[in-house]
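Let chain U serve as the given structure and place chains W, R and D on it in line with the hints.
Number of protein chains: 4
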Amino acid sequence: MLIVMNSQASEENINKVVDFIKQKGFDAHVSKGEDHTVIGAVGRKVIDKRDIELLDGVKEVIRITSPYKLVSRVFKGEDTIIEIKDVKIGGNNIAMIAGPCTVESYDQMDATAEKLSECGVKLLRGGAFKPRTSPYAFQGLGEEGLKILREVANKYNMLVTSEVMEVSQIPMFLKYVDILQVGARNMQNFNLLKSLGEIRKPVLLKRGLSATIEELLMSAEYIMAGGNREIILCERGIRTFEHMTRNTLDISAIPVIQKISHLPIIVDPSHATGLRDKVAPMSKAAIAAGADGLIIEVHNSPETALCDGAQSLYPHDFAILFDELKQLAKVIKKHF
Amino acid sequence: MLIVMNSQASEENINKVVDFIKQKGFDAHVSKGEDHTVIGAVGRKVIDKRDIELLDGVKEVIRITSPYKLVSRVFKGEDTIIEIKDVKIGGNNIAMIAGPCTVESYDQMDATAEKLSECGVKLLRGGAFKPRTSPYAFQGLGEEGLKILREVANKYNMLVTSEVMEVSQIPMFLKYVDILQVGARNMQNFNLLKSLGEIRKPVLLKRGLSATIEELLMSAEYIMAGGNREIILCERGIRTFEHMTRNTLDISAIPVIQKISHLPIIVDPSHATGLRDKVAPMSKAAIAAGADGLIIEVHNSPETALCDGAQSLYPHDFAILFDELKQLAKVIKKHF
Amino acid sequence: MLIVMNSQASEENINKVVDFIKQKGFDAHVSKGEDHTVIGAVGRKVIDKRDIELLDGVKEVIRITSPYKLVSRVFKGEDTIIEIKDVKIGGNNIAMIAGPCTVESYDQMDATAEKLSECGVKLLRGGAFKPRTSPYAFQGLGEEGLKILREVANKYNMLVTSEVMEVSQIPMFLKYVDILQVGARNMQNFNLLKSLGEIRKPVLLKRGLSATIEELLMSAEYIMAGGNREIILCERGIRTFEHMTRNTLDISAIPVIQKISHLPIIVDPSHATGLRDKVAPMSKAAIAAGADGLIIEVHNSPETALCDGAQSLYPHDFAILFDELKQLAKVIKKHF
Amino acid sequence: MLIVMNSQASEENINKVVDFIKQKGFDAHVSKGEDHTVIGAVGRKVIDKRDIELLDGVKEVIRITSPYKLVSRVFKGEDTIIEIKDVKIGGNNIAMIAGPCTVESYDQMDATAEKLSECGVKLLRGGAFKPRTSPYAFQGLGEEGLKILREVANKYNMLVTSEVMEVSQIPMFLKYVDILQVGARNMQNFNLLKSLGEIRKPVLLKRGLSATIEELLMSAEYIMAGGNREIILCERGIRTFEHMTRNTLDISAIPVIQKISHLPIIVDPSHATGLRDKVAPMSKAAIAAGADGLIIEVHNSPETALCDGAQSLYPHDFAILFDELKQLAKVIKKHF
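If you read the sequences in order, they're chains U, W, R and D. Residues 1 to 336 (this note's numbering) make up the first sequence, in order. Residues 1 to 336 (this note's numbering) make up the second sequence, in order. Residues 1 to 336 (this note's numbering) make up the third sequence, in order. Residues 1 to 336 (this note's numbering) make up the fourth sequence, in order.
Bound conformation, chain U alone:
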């Protein structure tokens, strides 16, 4: 931590700061510049930097160690590659996760999975617990939905992911799914993150609607600190002043994260845009920018879907898109 003093700070001001940080368990190195005295505070303690900023004569306090460690490239130079059976995610391996917003019935899942499987998709998604803004809307099938998901996946030799909402649901999810998904609204549900750190299955962690990239990485750190090293990050759009799309998909998060973290980063174009006709161009953009995967909503009959039909692709359109995506991937030397 570096403490920059005002150009007008007195000797006394400087001494008080030095005393303060020593008392908090840090070593202090004072270096006087032409304009500013800079105090380096060295130590491993946690401190709220605002406590120092409020001391007299302090201009600015600068944290120079990242708040996250385990998730950073400094800690681990090479890409994390997550392997589940014959599927790899990360490095040059792009993951395609597809399926409906919600598990509605065995037939719906079976029809959708069959189509997806024919295209070569190996990762199936589907929600079982749906928190909805209206208390009267369809709330998901619950555990029954997870069972259907598993059954259908087994039939087509696929892996499954579904969103876990609460700590108490984790054991149930472990029985049925291969990847546990944390939704955007739960990105900073630290109890949930801590519990997911203790399991040994991959976690798909979505960026919150107004979370910075640093905050996303800190949430991932929470999981890794518990010992679970298999985390897939997911960009799904941030809230901005532009309202022609539901959210603004932050494609630049892909290269930014890939530079500072070793974890795979995938993209959810369905929730980010909220409209079917924007899913294809944004999927292509994500792959071209180097994303490690996509999670796309596909429904066998979007017009009768109980949830998010408007942003779900028809299986036929998905097949065409997937084909184009494979060609794009080849250009940038990656593959699905």
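These aren't lab readings, by the way, just hints derived from the structure by calculation. Heads up, a few of these hints could be off.
Since the list can't tell identical chains apart, any single copy or any two copies may satisfy a pair.
What the hints assert, rightly or not - Cross-link-like lysine-lysine pairs, in silico, BS3-like; alpha carbons within 25 Å at most:
1. Lys-59 - Lys-259
2. Lys-147 - Lys-59
3. Lys-49 - Lys-32
4. Lys-32 - Lys-22
5. Lys-59 - Lys-32
6. Lys-16 - Lys-32
Chains W, R and D alone, transformed into the frame defined by chain U:
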């Protein structure tokens, strides 16, 4: 719901839309204008408007009924006034809630509450369960903290509020606190909101970091739909591009909410700004703009606080501020 | 325009609204629904919708005609393709505009243009007038810079674009450049837009830092209203709370604009990200999403550049990138 | 400037950075910490910090001197108080600037100014050049409008302010107005700022729609660098995701700016909210937070105003508001 067709929409397009909405359970009224045909869809069903927007020839779909009802001024014209013992919140009664970020010990709470009580504060705050970004930071005293809070409050004849994190904690909170607080990160934790709708104690609901005012009202609707009509809304800053303050306190949310909802709206200047010296001016701004209350962090010894000391007021400074706030309130014909 | 009345609006309220809009020159069509009366206001007049919103009993006023006309797909169904000599921009023709931030000298431009020309670039960029945040920084060569730009372009048989800052500069620019560029800060300089509507050379219009897509289109409408139909729109990043990149490049603006407007939309990845190593991934994303072109900063010696060297590509890296972009374009059936 | 190296940076990396900054004209002080080597770069040169960030082994480059100097409290400790005849702005003197959006006619200005003058308002506002989003809307009376403004002001012994749009208009404005206003869209029109630095009349500088506080101060620095020390800053709302108000008025900008700058900061509640009924609460909030003034739209007949009638106060309502504001000011020990 109004469906505006493109100026170039064909008869066939129009008929398809009419058929679609009838099939979804709505009545349709077609009205042809000079440029645009407008179709009014009348009915009580829930429908995803994007499903209609994707039909050919549709320019725009406009929802004309608010998504919230019980919380609106249309539903209830006069201000909701929440009464707990001799304390009133709402109407011309401004509430002052004060106390430390976290309950650290009996002595700390006792020392702080004594000072606050001397100033005439009747509502005491203090966190018992603290979700922290770092797993190594102080996580709160848990139920022990709630007990201390209750004991100290009883000693000084005060009421207490504390943040509840999970559905499972509700029964415990009901034993100790007078107002259950929902934090910004839980504003859309619909399971929690639903459960709080079933209790009969007031709920203090904070606006999410990037939540719109409409979303805040929809979350309040969730609680009211369950039968709990005692909700206090709380503005606590939104995330913007400006970073000289932690968040941007949206003072205009006060008059906006007071126009469209009957619920009281209070302001949290401590979390919004994150720095002690900004708490006073923003508290004054909130009261002058007509806020129904404030929730302010005060600590008997901020420099040794385990959490958020940098944004906590000294009891002495709080006393001066409270005095000024009372004078400001008088000018706008309200009172603490 | 549709005026939705409150469910509690009286007959008198409705009549007053009808009188008001008639007096403003509109026809009124009243249609009574179950909950709400809706008044359709038909006419060609300009009216500030807030004037109606303030009348008693009015719930909401909804504009149903777009504020822009000439730039919309409704006005012109097929893509606008801008032709300058042998270069086409729009439709399936992707434009590559490259060059340094600023024209520094003949030698610098000559060295850079030579490299670009070898790669097949036909459109050269370079600033002559540089508004800088510091009054002591390099302010550009002025007209001398435009002369160099023209001379070098002629040598390599290229076309040129440069940013015009003020109405008074337009005649000078017409002498030297093929495309006049309007910077993000001038997107709503209406005097400048009006004057550019009167010329007959293409205009490259950049989206403002916090401009909505609708505002960008309205600015383009300003130019088209003057009779100049050759406008190239440019997405260059918007301001959000994320600060790991200078701005957030809104890639979804590409498909959004292509659906509602016939004008070509290109992307500036250099200014959006502000860092060299993010330019390649974001360029690829833009092309994959269907952008009609790119404008990229390339400098023959970035480390000695007088301006924005940090976001300028080396000619060698640009050549590799351009090659990849051509392959990506092929996949989505477009070409440079 | 401090350059923080990665924990894994090599000796060679460090030496290259030292060479680089020396070559750019800085002195280098290397200080090796436990985790990180920090290099202090001391000197007066201007350098793009991204150029250093791109060097191998560099983790972060931190600017420790503010980009602005003359406008800062460090440069001048006491409040700047601007005096024009018998009017003072700054310190404990709150300024009230009021008047219509646009000068429409002599009679309109006379009627409005008469009412304002009766309330004790000494500063009259009115636009003469109106850049409008629609080319068909009223564009202002031009110089004729300035003449009317001056004439009416003289009749009632008032001072006037009006918005200057271009460098070429400055001499004309100097003939008629007492304070030259720079609009939000021109906050970074550096040519205009530079020219305003050369005059000797006060400038009212509005914060851009998406400008940070730091950028606002840098624009003020531009004017001060030219020698004009009389600048009034103005907060007028920033663009956020909330759309129930036109913009989000950033009230916290008041105490933030007052801490770091000596210049007066006033607030424009009319443009920020865009609706008449929000002007009063936000004006009160601004004064209570310590603003040095307000600029409010008042029109003798808002319903027939050619521009922004919806956000203009009736003279009668203004009189009541002004009275309340005076009482609020007294509470915080300031006065109009």
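Hints violated by the structure (listed by number, smallest first): Failing hint: just 2.
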